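Line by line, the protein sequences are chains A and B. Last residue of the first sequence: number 389 in the numbering used here, and the count goes up by one each step with no gaps. Last residue of the second sequence: number 389 in the numbering used here, and the count goes up by one each step with no gaps.
No wet-lab data here; the hints were simulated from the structure. Here the structure is a predicted model, which is why all the values come from computation and not from measurement. The reader is advised that the hints may include incorrect statements.
Said to hold, decoys possible - Some chain A residues close to chain B (C-beta under 7 Å, calculated; not the full set):
(1) 81
(2) 85
(3) 88
(4) 103
(5) 248
(6) 249
Unchecked claim - As a list, the in silico SDA-like pairs of lysine to any residue whose alpha-carbon atoms are at most 20 Å apart:
(7) 43/B with 31/B
(8) 160/A with 265/A
(9) 283/A with 265/B
(10) 283/A with 79/B
(11) 283/B with 283/A
(12) 236/A with 210/A
(13) 283/A with 107/B
(14) 283/B with 371/A
(15) 283/B with 106/A
(16) 283/B with 107/A
(17) 283/A with 106/B
(18) 160/A with 108/A
(19) 43/A with 236/A
(20) 160/A with 279/A
(21) 283/B with 108/A
(22) 283/B with 111/A
(23) 43/B with 265/B
(24) 283/A with 279/B
(25) 160/B with 318/B
(26) 160/B with 265/B
(27) 43/A with 107/A
(28) 43/B with 108/B
(29) 283/A with 111/B
We put the CB at the ideal spot given by N, CA and C, even for glycine.
2 protein chains.
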Amino acid sequence: MASSARRRGSRACIAGIGETVYTPRGGIRDRGELALACEAVLKAAADCGLAASSIDGLVSFANDSSVPWLMQESLGLPALRLGSMVWGGGGGGCYAAIAQAASAVESGAASYVAVYRSLCQGQGQRYGQGYDVPHGPAFLDPFGMFSPPLMLAPLAQRYKHDYGILDSQAAAVALAFRDNASRNPRAVFRDRPLTLARYLEARMITEPFRLYDCCQENDGACALIVTTHERARDLKGRPVSVLAAGQGAEPGWGSGGLGSHNMPEEYYRSGGGRHLAERLYGKAGIGPRDVDTAQIYDHFSYFVLMNLETFGFCGPGEAGRFVQDGHIGWPDGSLPLNTAGGHLSEAYIHGLNLAVEGVRQLRGESTSQVKDAEICLLANSASAAILGR
Amino acid sequence: MASSARRRGSRACIAGIGETVYTPRGGIRDRGELALACEAVLKAAADCGLAASSIDGLVSFANDSSVPWLMQESLGLPALRLGSMVWGGGGGGCYAAIAQAASAVESGAASYVAVYRSLCQGQGQRYGQGYDVPHGPAFLDPFGMFSPPLMLAPLAQRYKHDYGILDSQAAAVALAFRDNASRNPRAVFRDRPLTLARYLEARMITEPFRLYDCCQENDGACALIVTTHERARDLKGRPVSVLAAGQGAEPGWGSGGLGSHNMPEEYYRSGGGRHLAERLYGKAGIGPRDVDTAQIYDHFSYFVLMNLETFGFCGPGEAGRFVQDGHIGWPDGSLPLNTAGGHLSEAYIHGLNLAVEGVRQLRGESTSQVKDAEICLLANSASAAILGR
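Please work from the sequences and hints to get the whole structure.
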């Protein structure tokens with residue numbers, strides 16, 4: 001018992017959350033990404049009553065321009081024991097950042113780690129346009145894969161073809177998330193209702209992605225404070241447990257679509273995320289049926305469908321029907337998804353705002369609250385986390 | 001006993017090392033940084049008899065252009081469970097990369113992690129010239145801090161002034177390392193003997209740095225395989241223990257010299273690395289007197305002097321005399337340093353080739369072998385590691 005209690009005490013949790021305002025691209029002009037990153041971290045610290053000067057770890061991902069040393073100087077942190085910029089883009093990096101923070105506090109490498117992401121596409125690179133990736137000019141550009149929609153469309157197109165996914169099924173994802181956004185005052189598209197007709201009439205970005213299948217380009221930042229349960233006892237509010245978190249990539253994922261669509265079925269569809277899912281469910285000691293709500297990385301609606309399968313909520317090719325049958329809607333679905341509106345309708349803070357919403361759900365504070373939510377999955381095929389109340 | 005044995009079995013070690021050829025800048029034209037990174041990783045795997053396909057973690061640092069997904073595709077790794085690009089530049093990143101790999105294998109997040117760095121200044125950015133750092137144009141350029149020598153010279157200048165460091169004492173660092181390089185067939189400057197007269201006659205780069213105080217710009221790559229002792233038993237050769245490894249930064253370090261030279265004495269001189277040193281010595285259960293050889297991050301000779309003090313080999317301001325008294329030379333010094341020639345004379349692979357040399361020392365395979373070496377310190381003020389035989 002003592003050992004179990006000690007184990008529980010040293011386990012990682014998310015004690016605080018913080019968000020700046022989220023605006024359409026270019027909406028924030030009076031301060032830069034760095035100032036927003038600091039604002040989000042300070043809000044997350046204040047949320048749990050932590051003195052910001054106690055933060056001794058800073059973890060972001062995907063080449064956040066607000067690198068740890070600038071954050072340290074700007075926040076006036078006296079000592080940094082972990083500064084990390086996790087590789088893996090948004091989807092492969094965001095929940096891996098939580099995993100690194102959790103490992104750090106569990107091993108004693110750091111005590112209070114701020115996981116943050118600041119992303120102003122109005123100030124820097126627009127992800128919907130030309131996109132800088134290392135070796136992109138050599139390996140991606142010759143195939144026309146200049147930006148994420150172009151890189152990822154072939155995977156979605158094959159998935160759609162292989163399983164006969166209907167336009168209306170992809171639309172159901174976008175519509176459900178927009179509906180959630182309508183109740184979330186922080187959502188960029190809170191006042192922009194969407195109908196199936198409007199979805200279908202919208203312009204094609206690159207097949208099969210129509211406009212409303214694609215996440216937003218926007219400005220904003222958010223942050224989490226990760227610490228141990230033992231330390232969180234001295235803070236404000238109720239911490240949310242990190243039951244499991246990790247990173248994983250198998251051929252066909254990380255390549256940004258480079259040839260993935262030509263790979264065997266398992267790989268093109270899930271990037272091997274099925275093994276990541278098995279590993280995390282095993283560590284948390286739960287299965288898909290125990291998940292009350294999931295926040296699935298929705299850079300494009302089709303990847304929500306694929307990840308419903310990857311994370312075991314339905315079988316291969318069944319996600320279209322699963323969504324069509326109303327499982328993902330709030331409040332009546334069996335698995336309400338992206339309850340703040342997701343990347344499609346709340347904001348695209350590269351996955352981390354989905355984690356903030358996951359914490360809100362387990363605190364009972366979502367604007368689309370799932371009743372008695374105890375387990376929340378944060379999922380991309382290349383990084384994921386399971387949070388528990 | 002069983003628990004202690006298990007603890008020992010799950011502790012991290014370095015099982016394999018690999019290096020490409022090291023050449024002056026521009027010396028490698030027939031293959032790119034990515035190919036070199038792969039070559040180094042494959043050599044490190046072969047060195048310990050590991051099938052490369054077993055590698056499930058890839059960790060580099062300082063925006064290595066050979067990002068994990070490209071490495072995964074190029075090496076044909078079936079599953080990646082950890083891909084990390086550690087923040088912190090060379091000095092703050094290189095031993096932190098070892099720390100991340102060690103944490104990963106100790107926690108079970110991954111089994112065999114390749115830590116690698118490929119750096120061809122003939123193909124990409126020249127560190128000695130204009131230097132891209134995030135927010136550099138806003139915060140560094142107005143003060144003329146366009147590149148590492150310019151960023152770091154003010155710290156060295158103040159240190160030199162405060163403690164009356166002599167030119168001949170800084171020279172003693174450069175001369176000792178060049179002497180070590182003369183015995184190392186891999187060293188870029190193996191055939192370029194240096195004399196005090198030549199050191200003093202060389203042009204000033206930026207006060208107090210003369211040409212031979214500065215590390216090289218060169219091409220090459222190196223890698224380590226990190227795993228647990230338990231797994232290493234099934235591999236070839238004798239693994240070297242990672243007794244402690246970590247990252248740390250306090251105000252005045254990470255900023256690349258931004259205002260650091262105006263900080264209180266402790267900070268400008270060590271970047272707060274003293275606390276990192278205390279932490280790692282404590283974890284390893286040793287003190288400076290137990291260290292048989294150290295490989296100290298020598299981007300500039302003056303920082304070797306400062307870190308001799310930071311890591312407790314002598315008191316504040318005493319390093320000039322320590323070096324002058326012959327302590328760092330091979331074979332007769334009490335603490336032979338950078339025994340392969342270091343960044344100044346072997347190659348500048350951003351700190352990681354110093355780790356390779358540290359492993360060689362503890363295997364008894366250095367070309368400037370320290371007799372019966374059992375403990376090797378790898379040190380920068382912002383990341384460090386202690387290796388044991």
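Cross-check of the supplied hints:
no.: 1; hint: 81; in the structure: holds (5 Å)
no.: 2; hint: 85; in the structure: holds (4 Å)
no.: 3; hint: 88; in the structure: holds (6 Å)
no.: 4; hint: 103; in the structure: holds (6 Å)
no.: 5; hint: 248; in the structure: holds (5 Å)
no.: 6; hint: 249; in the structure: holds (4 Å)
no.: 7; hint: 43/B with 31/B; in the structure: holds (16 Å)
no.: 8; hint: 160/A with 265/A; in the structure: holds (12 Å)
no.: 9; hint: 283/A with 265/B; in the structure: violated (47 Å)
no.: 10; hint: 283/A with 79/B; in the structure: holds (18 Å)
no.: 11; hint: 283/B with 283/A; in the structure: violated (28 Å)
no.: 12; hint: 236/A with 210/A; in the structure: violated (44 Å)
no.: 13; hint: 283/A with 107/B; in the structure: holds (12 Å)
no.: 14; hint: 283/B with 371/A; in the structure: violated (46 Å)
no.: 15; hint: 283/B with 106/A; in the structure: holds (16 Å)
no.: 16; hint: 283/B with 107/A; in the structure: holds (12 Å)
no.: 17; hint: 283/A with 106/B; in the structure: holds (16 Å)
no.: 18; hint: 160/A with 108/A; in the structure: violated (46 Å)
no.: 19; hint: 43/A with 236/A; in the structure: holds (13 Å)
no.: 20; hint: 160/A with 279/A; in the structure: violated (27 Å)
no.: 21; hint: 283/B with 108/A; in the structure: holds (11 Å)
no.: 22; hint: 283/B with 111/A; in the structure: holds (16 Å)
no.: 23; hint: 43/B with 265/B; in the structure: violated (44 Å)
no.: 24; hint: 283/A with 279/B; in the structure: violated (30 Å)
no.: 25; hint: 160/B with 318/B; in the structure: holds (11 Å)
no.: 26; hint: 160/B with 265/B; in the structure: holds (12 Å)
no.: 27; hint: 43/A with 107/A; in the structure: violated (26 Å)
no.: 28; hint: 43/B with 108/B; in the structure: violated (24 Å)
no.: 29; hint: 283/A with 111/B; in the structure: holds (16 Å)
When held up to the earlier numbered hints, the structure conflicts with 9, 11, 12, 14, 18, 20, 23, 24, 27 and 28 and fits the remainder.
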